[in-house]
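Chains as they are written, first to last, in numbering that gives the first Met the number 0: chain A, 0 to 154; chain Z, 0 to 175; chain G, 0 to 657.
Worth flagging that the hints you see were computed from the coordinates, not collected in a lab.
Hints may be right or wrong, so weigh each one.
Claimed, not checked - Straight line, CA to CA, 16 Å or less: simulated EDC-like cross-link-like pairs of lysine to aspartate or glutamate:
| id | chain 1 | residue 1 | chain 2 | residue 2 |
| --- | --- | --- | --- | --- |
| 1 | A | Lys68 | Z | Asp21 |
| 2 | G | Lys516 | A | Glu75 |
| 3 | A | Lys22 | G | Asp559 |
To be verified - Which residues of chain A face chain G? A partial, calculated answer using Cβ under 8 Å:
| id | residue |
| --- | --- |
| 4 | Glu43 |
| 5 | Asn51 |
| 6 | Val87 |
| 7 | Gly91 |
| 8 | Phe109 |
| 9 | Pro111 |
Small disclaimer: the values here were computed from a predicted structure and weren't measured.
For each residue, glycine too, the CB sits at the ideal point set by N, CA and C.
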Amino acid sequence: MNILKFVLPLIASLVFMSPAMAKVETHDFASEQIEKDYNQLVAELRCLVCQNQNLADSNAELAQDMRAKVYKMLNEGSSKDDIVDYMVVRYGDFVMYRPPVKSSTFLLWFGPLIFFIVAAMVVVSYIRNQRGNREPVVDQQQQKKAHSLLDDEER
Amino acid sequence: MGRYSILIGFFILIGVFAVVLDRMGKGEYNPRNIPTEFIGKTAPEINVPDLYNESEIVRSKDMLGKVWLFNVWGTWCPECWREHKYLLELQQEGITIIGLNWRDEAAEAKAMLTRLGNPFAKIGFDPNSNVAMDWGVYGAPETFLINAEGIVVEKHAGGLTPAVWQQKFQKHFNSL
Amino acid sequence: MIPEIGHFALILALCLAVIQGVIPLVGAQKRYSSWIEVAFPAALGQTLFITISFICLTYAFMVDDFSVGYTARQSNTELPMMYKISAVWGGHEGSLLLWTWFLALWSAAVVLFSKTMPLVMRGRVVAVMGLVSVGFLLFTLLTSNPFDRIFPVPLEGRSLNPLLQDIGLIIHPPMLYMGYVGFSVAFAFAIAAMLGGRLDSAWARWSRPWTNIAWVFLTIGIALGSWWAYYELGWGGWWFWDPVENASFLPWLVGTALIHSLAATEKRGTFKAWTVLLAVFTFSLSLLGTFLVRSGVLTSVHAFANDPERGIFILIFLGVVVGCSLALYTWRAPQIRSAVKLNMLSREGGLLMNNILLVITAASVLLGTLYPLVLDALGAGKISVGPPYFNALFVPLTIPIAMLVGVAALARWKQDSVERLGKKLMVPFVISVLLGTLLPVTLLDEVKWGAVVASILAIWITLTSLQGVIDRVSGKQDKWQALRNTPRGFYGMSFAHFGIAVFVMGITLTTLYSTEKDIRLVKGESYSIGDYTFVFHGVQSVEGPNYKASEGRFTAQYKDEVIAELNSQKRLYNAGGMPMTEAGIDAGFWRDLYVSLGEPLNNQGAWSVRIYHKPFIRWIWLGAVIMALGGLLAATDRRYRQAVKSAQQEQAAMAGAA
């Protein structure tokens, strides 16, 4: 606990600028495709000094510089993958909002499928094990009482 | 069978969270800290003009054969002002520090060094974060330790203090 | 003095909560009806004291009492009064008090509106809520006391983040918390049923309206959050899959599964064990959300800045509450298990599949939210999981859910046949495929397959809902009478499902067809997006109550006809900080026009401006509102409000039984 009180202020003292408004920067895009690529990249790359924002939404100075870098690289002919790789080499997988598919993220990407299979297995076994169940026997009086309780006109 | 698995699964989840909180408490895990990609790798190039002499280019290559610190700072960063004194001490002990003046006004940077003293052998001037990005820098101050072969052996994000030096950097100096 | 009264009131509330929680449960076990009845005045008393406490805290804010640390951190003298009051829940301690207050209010509501419920059940429900209150009150008093004084007393408070100085803060958290907390009622019902060892349709009937209302609040709360982010943050986004947003979405997904499961349990007595489990999970997810947001383990703009010490408390609380509930479930499941045969080709079967999909969606969202955290804490790497991941899994999961909505609503209870169902669904199917393909192809300039899929699904849902209404009147002599006799719950269902259709259209079309441009304009210049033209009339200086701003004035034209005036401000608040942008929005049913003033580019009046055309974006929140309306209709169905004579007989029987 004491160490935390020591470390956190140190980290916090790294100047993190994280206001919420994106600076409006105007760019001249050489083509519509480049504009699309730019918008997609700045949406999928993470602002490193912010509390969970992408490059597009951040006003932080580092984010501005990273956006400028993306723009520059696109105009020089780099592909989207090149630019993402460039950022990942320097900042790690953290900088991508689309997590990579590797052994450490196997569970992440295939988890939903696993959930689906497990759910299917549970349902199938539930239906199979229903042999013990029977139809409820409801006599006239109980039915009348049920109707008046529920006041339901269905069926 | 199925009902027990839910209970067990839940307690595993709680266990995981407990481990997370414990690590946070000990300072081993900090969600805001981004580890560096360069430990064990060749130090990135710097390749920008010196703050004091535009015609001189500061290069990592020139530092081969020497052990050196790479310190990223700016006049806008309060912690940089605080660690400055210790950087001067390190320089007195004979440690070479190359500085990177990041996203700053050259005049203000020079004024700060005139006022507080200059611990840096050379200072790269990086107003556009090009060098900062190449080194994976995301805040200031940050300090890297590079060995004589040009490999990054340690990095610290935050102000450099005697305690941090002891814990993180001292051991590398002893073995280098 | 007043803050001390508030503090003391909380302590009294805690004592009452302990009484409310413990004594009735013992009494229910031993069948001492006088002990059970202690629950009700205890709950009302607890509510009274927490209300007093909340009023005291609000008072401290209203009079700018900065000797109270929390007030100094959240408010300042220049804030307009309504923001001073809403600042009460702007930070961790105050929002926690809001949570606790709402929990007490819901308990009081259960006391007041369930008088016809059997005593033992009623007592247990209120007692369980009391135990939850104990946890929250302890948490507040021990780690997050809003009434802590500070010394020296600052002359001025730190002020409320300008982003929060908005009507959104006034309504979004209260609505959201009403939802989160409301599911504690469903939870308490589930626990009460498990403690009693029996679960019948009557239990489901009692539980449904409370669950539906909680769901309504949560739906509105989430929609408000999305809408608020849209117009406040200035970048036109309305959902980011941020961990805190996900923390609110998870209980919503599972809560939706719960309300459907409850329907099946009430009507057919099926899914009893699963309904109970869903009720436990929904509230557990509320608590988990509380943990994630307040412990500091997650990085988010919405998260409260907190230390792990508070996290440990919440984690223990979460572990105890959910752990005991699941242990109770493990023990009692055999006894409450349904003995009714389930046929997959029936409405129950459809509901089951729907619930499975909803739960898988929730599990996947939870996985994506927690994965980076766990991976990093275990030292296995640092990754980010954001919109690309969540959208990739959410869209494929929503499509089968949307398809099922139509099928399940028309399927017969108990047993249906392929022929009958097929015949009923054939017409809506054909029409929705035809119309769903035709409309986008003819009306849109650029046809994207996503728009076609969304149209087909939306029309499918609408038609099948309509088919349900038609079925109600077909073959009847007096159509109007038949409609009048239809239970409100049915209309609720139809409305809510229709809301989904609207919601799906809104999301798909706005995601696929929005246009965003960042451009450079000087005074007098204009820019066109499609048939819309935006004319820039320059920037003027204006002053607000606690800020100074540059205001950019625009007019929007549609085919050369002026249709709206849009003003966007760049504000600098007196209390300091970064400049905040207020966007100028012309909201419309079919589209939003959105202008955001950027930065001055030179000294001759050129500014960078962001302009949006966002088609169908209002449909997102409209869909949510329609869904909520449907839920409200369902919750206020006549059969829940009738005092039934036989219920009193039941009450006597149960109180007498051993």
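Here's how the hints hold up against the structure:
1. A/Lys68 / Z/Asp21: violated (39 Å)
2. G/Lys516 / A/Glu75: Violated: G/Lys516 and A/Glu75 sit about 22 Å apart, past 16 Å.
3. A/Lys22 / G/Asp559: violated (30 Å)
4. Glu43: holds (6 Å)
5. Asn51: holds (5 Å)
6. Val87: violated (11 Å)
7. Gly91: Since the shortest Cβ distance to chain G is 6 Å, the answer is holds.
8. Phe109: For A/Phe109, the interface hint is violated, since the closest Cβ of chain G sits about 10 Å away, which is over 8 Å.
9. Pro111: Holds, because the Cβ-Cβ distance from A/Pro111 to chain G comes to roughly 4 Å (cut-off 8 Å).
Consistency note: the structure conflicts with the earlier hints numbered 1, 2, 3, 6 and 8.
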